[in-house]
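**Q** For reference, the chains in residue letters:
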Amino acid sequence: MNRTEMLAALEGLLYITGDDGLTPNEIAFVFEIEAEAVQDLLESLTDMYDNSLRGITIINTAGRYKLATKKEYIDVYRKVYTNLNKMRLTNAALEVLAIIAYKQPITRAEIEDIRGINSDNILRRMQSMALIKEIGRLDTPGRPILYGTTNDFLDYFNLSSIEELPELLEQLEIDEEIEQDLYTNLAKIKIN
Amino acid sequence: MNRTEMLAALEGLLYITGDDGLTPNEIAFVFEIEAEAVQDLLESLTDMYDNSLRGITIINTAGRYKLATKKEYIDVYRKVYTNLNKMRLTNAALEVLAIIAYKQPITRAEIEDIRGINSDNILRRMQSMALIKEIGRLDTPGRPILYGTTNDFLDYFNLSSIEELPELLEQLEIDEEIEQDLYTNLAKIKIN
Amino acid sequence: MEYKVKIDEFEGPLDLLLYLIKEAKISIDNINVAEITEQYIDFIHNMEKLNLEIASEYLVMAAYLTFIKSRMMLPKASIDNEEIDYEENPEEKLKMRLKIYKLFKDIIPYFKEQEEERSNFITKIPTDLSNEFKLDSKEIIIADNTVYDLLSAFNKVLKRYQLHRPIKAKIKQQNITIDDRIVELRLLLKQKQSLRFIDIITSDSSKEFIVVTFLAILELAKNKLIYINQSELYQDIFINYIGEEGVEVHE
Numbered sequence: 000m001n002r003t004e005m006l007a008a009l010e011g012l013l014y015i016t017g018d019d020g021l022t023p024n025e026i027a028f029v030f031e032i033e034a035e036a037v038q039d040l041l042e043s044l045t046d047m048y049d050n051s052l053r054g055i056t057i058i059n060t061a062g063r064y065k066l067a068t069k070k071e072y073i074d075v076y077r078k079v080y081t082n083l084n085k086m087r088l089t090n091a092a093l094e095v096l097a098i099i100a101y102k103q104p105i106t107r108a109e110i111e112d113i114r115g116i117n118s119d120n121i122l123r124r125m126q127s128m129a130l131i132k133e134i135g136r137l138d139t140p141g142r143p144i145l146y147g148t149t150n151d152f153l154d155y156f157n158l159s160s161i162e163e164l165p166e167l168l169e170q171l172e173i174d175e176e177i178e179q180d181l182y183t184n185l186a187k188i189k190i191n
Numbered sequence: 000m001n002r003t004e005m006l007a008a009l010e011g012l013l014y015i016t017g018d019d020g021l022t023p024n025e026i027a028f029v030f031e032i033e034a035e036a037v038q039d040l041l042e043s044l045t046d047m048y049d050n051s052l053r054g055i056t057i058i059n060t061a062g063r064y065k066l067a068t069k070k071e072y073i074d075v076y077r078k079v080y081t082n083l084n085k086m087r088l089t090n091a092a093l094e095v096l097a098i099i100a101y102k103q104p105i106t107r108a109e110i111e112d113i114r115g116i117n118s119d120n121i122l123r124r125m126q127s128m129a130l131i132k133e134i135g136r137l138d139t140p141g142r143p144i145l146y147g148t149t150n151d152f153l154d155y156f157n158l159s160s161i162e163e164l165p166e167l168l169e170q171l172e173i174d175e176e177i178e179q180d181l182y183t184n185l186a187k188i189k190i191n
Numbered sequence: 000m001e002y003k004v005k006i007d008e009f010e011g012p013l014d015l016l017l018y019l020i021k022e023a024k025i026s027i028d029n030i031n032v033a034e035i036t037e038q039y040i041d042f043i044h045n046m047e048k049l050n051l052e053i054a055s056e057y058l059v060m061a062a063y064l065t066f067i068k069s070r071m072m073l074p075k076a077s078i079d080n081e082e083i084d085y086e087e088n089p090e091e092k093l094k095m096r097l098k099i100y101k102l103f104k105d106i107i108p109y110f111k112e113q114e115e116e117r118s119n120f121i122t123k124i125p126t127d128l129s130n131e132f133k134l135d136s137k138e139i140i141i142a143d144n145t146v147y148d149l150l151s152a153f154n155k156v157l158k159r160y161q162l163h164r165p166i167k168a169k170i171k172q173q174n175i176t177i178d179d180r181i182v183e184l185r186l187l188l189k190q191k192q193s194l195r196f197i198d199i200i201t202s203d204s205s206k207e208f209i210v211v212t213f214l215a216i217l218e219l220a221k222n223k224l225i226y227i228n229q230s231e232l233y234q235d236i237f238i239n240y241i242g243e244e245g246v247e248v249h250e
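Protein chains in written order, with numbering that gives the first Met the number 0: chain A, 0 to 191; chain B, 0 to 191; chain C, 0 to 250.
Bound-form chain A, shown alone (with noise of 0.2 angstroms):
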């Protein structure tokens, strides 16, 4: 790979990894070259995005390298933000709500284990909004809160009970995983 390429390749990689970023070591393991190496791609990359076209640049938080937009047009960003989540739920609501629905009872922390971010604004947003409810706590350290879905929220999607949620494909993988054990303890059994 020439350094076009790897410059090229870098940016698509920072891309992918958004906000969790890379550090230089791991720019290094993956392009097979020496620290000095990354550093000067780095420069390079930081020296692409210090262009009045460009809208995102390079940050470095914590020894991590990571793309972020630049704060010049952070008015736009507050408007589309603002914007899109009074029109629509976004993805990220989408995200949680679906979690809730379909995982309920749930804890804030089994939550953001699986969607790997931080989710604390947008429970409250939820819970505020009526579409989720604290409905329990769970008998471990610290009480942690239980979270499910309201009557709003059924009313929102539409649905007369949670029981109309589609099926979802582990679920399915599930059952075709028990229907297999079955067959095979069928088997099992007949030998015996």
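Don't read these hints as lab results, they were simulated from the structure.
Computed from a predicted structure; not experimentally measured.
Treat the hints with care, since some could be wrong.
[What the hints assert, rightly or not] BS3-like cross-link-like pairs, simulated, lysine-lysine; straight-line CA separation at most 30 angstroms:
(1) C:Lys5 x C:Lys133
(2) C:Lys5 x B:Lys85
(3) C:Lys111 x A:Lys102
(4) C:Lys101 x C:Lys111
(5) B:Lys85 x A:Lys69
(6) A:Lys78 x C:Lys24
(7) A:Lys102 x C:Lys101
(8) B:Lys85 x C:Lys111
(9) A:Lys85 x C:Lys158
(10) C:Lys223 x C:Lys189
(11) C:Lys189 x B:Lys102
(12) C:Lys158 x B:Lys85
(13) A:Lys85 x C:Lys189
(14) C:Lys111 x B:Lys102
(15) C:Lys133 x C:Lys21
(16) B:Lys69 x A:Lys69
(17) A:Lys65 x B:Lys85
(18) B:Lys102 x A:Lys65
(19) B:Lys102 x C:Lys21
(20) C:Lys101 x B:Lys85
(21) C:Lys158 x A:Lys132
(22) C:Lys133 x A:Lys65
(23) A:Lys70 x B:Lys69
(24) A:Lys78 x B:Lys69
(25) C:Lys21 x C:Lys5
(26) C:Lys111 x C:Lys48
(27) C:Lys24 x C:Lys101
(28) C:Lys155 x B:Lys70
Could you slot chains B and C onto chain A? The hints should help.
**A** Showing chains B and C alone in chain A's frame:
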């Protein structure tokens, strides 16, 4: 906001929205510009990405524009995310999806008439994958469910809209008369 | 005739018929139903000999083909060739079905290509801006989200979860453990000495419960606490109590 600023802000916006993407209407709303100007911005941005130093590009799936990595460096990304997009649909699943894509809204019985084999499990699976959905019910005895494709279907097959599908009958070199017969008889044909 | 292909390689009887037609290097319009029927039935028979499971649809088609074949052997009524009545002529009807099915079959490579193409483009998850920007509105003006949006969001999050983590062992919720079930069965067997297998599961037992019961029985048998017998195939299976663990069976 001048054009350069809009281009930079649009790049930032597309970065933020990630796989959610933006519709042309949303872009028009944010910048308070006409549909034509939106297309112009998107084209300019796409041209900017058409440079060997860049690793990202713009795709349009299900009517939404989104940033995506260029396909040239997929192997680099696979190194970081080992099970990236490895899943492929089976022939049977593709058959069912193709039939639904072209004949929607369609009932399960009609799909099975065309395929000549029970398709219940595949339908459930495709629904769980959110590639198809119930879009209504037929007003006949039993009120059978009508299926159609989803936005996830469009995204999965890299289509901006369902109209992008190639003409079905063009695939076969058959004359117009037969074409006519095929269409008029599609509904009638059933196994006894 | 040697069969290198297996029935589970076909997507159904129409697919098998198309395969046979292709093998014979003829077009759908020119198929000789009598001939193709023989080949089809031959194929099915051979699969049966190999003890392959054959979906009922294949047998229905075999019957249908035989019906067409026998009908053709009857003296023909005067058929107006100008107007083929598909409802009345099963042979033409079959050809039409094959053509329609082939239309969709032939478009599959297109979908495969598109699937492959899309898998090369990777997008990132949306950046979470909920900490940056405060939202005051609790209302949503246009509420057009459906349950499929929920399902779609769930699938996405799951895909991401699998991408970022090594495959986690699936945690299945079991209402009853195997150990619990062993204890239950032992108590029951101690009282009754012998049980019919069908009596320990009920029609409303969940799949998990049935599996757990199976595993419990296997465990009991392994530890020689029970023995299982069946007088004949398809007869009742009996589970018989031997004795306590560690206690030798006395003569």
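**Q** Which of the numbered hints are not met once you compare them with the structure shown?
**A** Of the numbered hints, 1, 3, 5, 6, 7, 11, 13, 15, 18, 26 do not hold.
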